[in-house]
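**Student:** Here is what each chain is made of, one letter per residue.
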Amino acid sequence: MLRQAQHPDIAVEAIDLVKDFDRTRAVDGVSLAVPAGSIYGLLGPNGAGKTTTLRILLGIIDPSSGTRRILGREQPLEAAAEVGYLPEERGLYPAMHARDAIAFIGALRGLPLREGRRRADELLKEHGLADWARKPIRNLSKGMAQTVQLLSTIIHNPRLIVLDEPFAGLDAINQGRLEELIRREARGGATIIFSTHVIAHAERLCERIAIIAKGKVAFEGRVDEARGRLRPIVRLRTRAEDGPWRSAIPQSARREGDEYVFELPEGGPEPLLKALIDGGAGIETLAIERPGLHDAFVAIAGDSAAAAMVSGETVE
Amino acid sequence: MMRRLRSAFVIARRDFSATVLSKTFLFFLLGPLFPLLLGGAFGSIGARVASRTETPMVAVISSPADFARIAAARERLATALGDPGVVRFEHYAPERDLAVQQRQLLASADPPIRAVLTGGLAAPHLVGGVDAGGPTSGQVDLILAAARERSPNAELIPVTKVDQSNGSLARDRQLTAQIGQVGLFFLTLMLSTMLLSQLIEEKSNKIIEVIAAAVPIDSLFVGKLFAMLAASVLGVIVWISAGALLIELATTGGVRTLPPPALGWPAFLTLAIAYFGMNYLLLGAVFLTIGAQASTVREVQTMSMPVTFGQVLIFGFAATAIGSVNAPEAIAAAIFPLSSPMVMLARAAEDSAWWPHVAALAWQMLWVALILKLGARMFRKTVLKSGPRQRRWFRRAEKASA
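Respectively, the protein sequence lines represent chains S and D. If you count the first sequence from 1, position 25 lands on 25 in our numbering, and the numbers rise without skipping. If you count the second sequence from 1, position 65 lands on 65 in our numbering, and the numbers rise without skipping.
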C-alpha cells in the first residue's frame, strides 16, 4: 500500500515495520505515511504497540524488519536536529535549572547552548514560568516539570514533533494549553505525531490517524474517512406503536428507551421519511447523527480494544 | 563523525559540570587524605604494638662498663641492618641473690623480659624463653662478639658518597615504578564504583529515552567517560600538586631530591597522566558497559565486588613487570589491554626508550574505541531492547524448529 517512492510531502513513512521482543511480536507489519505539516494521531489502547512504533520511527530501537524514513532520511538520528520528542515516561535531571534543562535538550539537538538558554528564557516567560527559570527541576511541581519537558521538545524549532501520550498527567486546563500549543506548532509548519489512548484529543486535533491494535494498523487515513466507514445513525421516536411504517425500519434496529436506533438505510433520509409518514408512524423526533471517532474506533478495532480506550474530554 | 563528537561534548559538558560543581566533589578531592590519615594512625598504633610485643627484650645483669659496650654494639648492628627489631637490652645491677633476681626479671610484665643475660662479656650466659641457636640467642651472640672485639669509639670504614650509582638508581626507579603502579591502581579503584553507576541517573530519571532519540549511544558513552576522565584528571592534578607542595615544605631540597625516573620527571609525569587516562578509559569503558546493564543502585553494589577483584587481578598481572620490564610476562602484560597502562608506567620509570610508549598509547586507544563500540552495541541491544535483525539463516532455523 505504501511502497511508493519517497515523497517530499511525506514527513514520516513506515513500511511493514515488525518488532519482536524475544518471542513477543510488539509491532506487526505497521505501515504509515504522515503528511508534512499535518497533525497525526496514533490511536490505540495501552499495549497496542504505539510507543514501540514511535521508538522505532525515532531510531531509539531498530525494527526486526521493515523500513522507516524520517524527513527523507533512512537513519532517524541523521534527522535528530529537526526532530523533537516527548517520551511517555517524562524525565529531566532533577538538579538542573529549568532553563539549563531546556537548553541541554536543545544542545543535544544541535542548538548552541547560549542560544538555547536565551530561547528557554523566552519560552518559560511565555508559559508563566519565568520565576522558575533558575530553579532546579526538583523544586518544580509535576505540571511545571512537564511543561519544561514539553518546551525542551520544541526549543530548537523542530520540523517534526513526536509526542508520546502528551496529555497523560495533565489537568484539563493544561490539556487545553497543550492542544493549543500543538495547533500553533502545526500552523508554523511543523509535522506533529502524537500517540494517545484518549479518542477526544485525536478527534479534535488530528487530520489523519492510525488506529493500532495488537501491534497492527487497523486503520490509516483521514479522520472523516474513519467516520465514513460507518453509516449515520438514526434516532427515531414515534407516537404509533405499530403500523405499516415499521417496514421502513431495518430489522437490526434496537430500542433505547422510547427510541429506535438504527443505521440510516442506503437510500438516505428522504425515502425513510416518506415511508414513515406514509405508514403513519406519527414522528415525534427524528435525529440523524454522524458517527463519532469512538464509534468508528469500535467498528475498526473491535469492542475489546475500544473498552481500553478513553473517549472522554479529559483523563487522569 | 563531527556530529557524534559534538553530541559527546554536550553530554560530557553536562556530566563534568554536574560532577565538579557538586558539593560531593570536594569529598572526592579529599578522598586520598582518608587512607593516608587512616594508614598513618593505624600504622603507628600497629608499629607501637609490634615493637612492644615482637622485639625481644633481654635483661643484662652486668657491670655498667660491660653494658655500655654491649649497648653500643647493639646500636651498630641495628643501624647496619636497618632493622629496629634487633633485640633490645635493659641494664640491671647485680643483686646479692642472682637466682632470685633472674626469676623476678623473667616474671616481669613491664618491661616484658624474654631472657636474662648474666656473666658480663667474660662469661655470658642466657636464661629465658629462647632457643639455643635461635634468632634471639643468635643476635645476642653477634652483639657480644662485636662488643668484645671493638671499642665503641672504633673508626668506621671510610666512605666517599657519589650522587648516584647504577645499583642505587635501579632500586630507586623500581620504587618509582611501584609507587606509580600502586597510585594508578588505587585511582582507578576509587573511580570504578562511580563508573559502574554512571548511567543509573539517566535510567532512573528516564532521560535516557530523550538522549537516545537525539544522539547515538556511542556519543553518550564517550561523553560520560570523558567527563569523568576530565573530573578525575582535575583531581589528579590537585593531588599531585598538593603532594609536591607537601614534599617541598616538609623535606630539605624538596621535590628535586626525589630519584629521577628513567625518562626524567617531566616526561614521566606526562606519561603518568596519559597512562592514567588510558587506564581509566580502558577499565572505565568496561565498567560503563557492565554498569549500563544495571537498573538500580543495588545491582551496581552487587557488581562492585567482582569488579574490584578483577581490578586486583589485573594489578597483580601488571606488577610482574616491576624490575624486569623486558621479561616475557611483562611484555604479555603490556600487550594485554587492561594491564597495559600500568605496565607501561613502570617501564617509563625503569627504561628510557620512547617508542614503546607511542606504540602502547596507540594500542590502548584502539582498545578503548573497540570496547566503547561494543559497550554501546550491548546497551542498545540489552537495555534499549534494540536487537539487530535476525539473520536469514537464523530465522530459517527457527521456522524449521517450530
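No lab work stands behind these hints: they were computed from the structure. One should not assume that every hint holds.
[Stated by the list, open to error] Partial selection, computed: residues in chain S whose CB lies under 7 Å from chain D:
| id | residue |
| --- | --- |
| 1 | L58 |
| 2 | L77 |
| 3 | E89 |
| 4 | F104 |
Only a predicted model underlies this, so the values are computations on that prediction, with no experimental measurement involved. Where a beta carbon is used, it is the ideal one built from N, C-alpha and C, also for glycine.
**Student:** Against each hint, give a clear statement of whether it holds in the structure.
**Tutor:** Quick rundown of the hints versus the structure:
1. L58: 5 Å, holds
2. L77: 6 Å, holds
3. E89: Since the shortest Cβ distance to chain D is 4 Å, the answer is holds.
4. F104: 6 Å, holds
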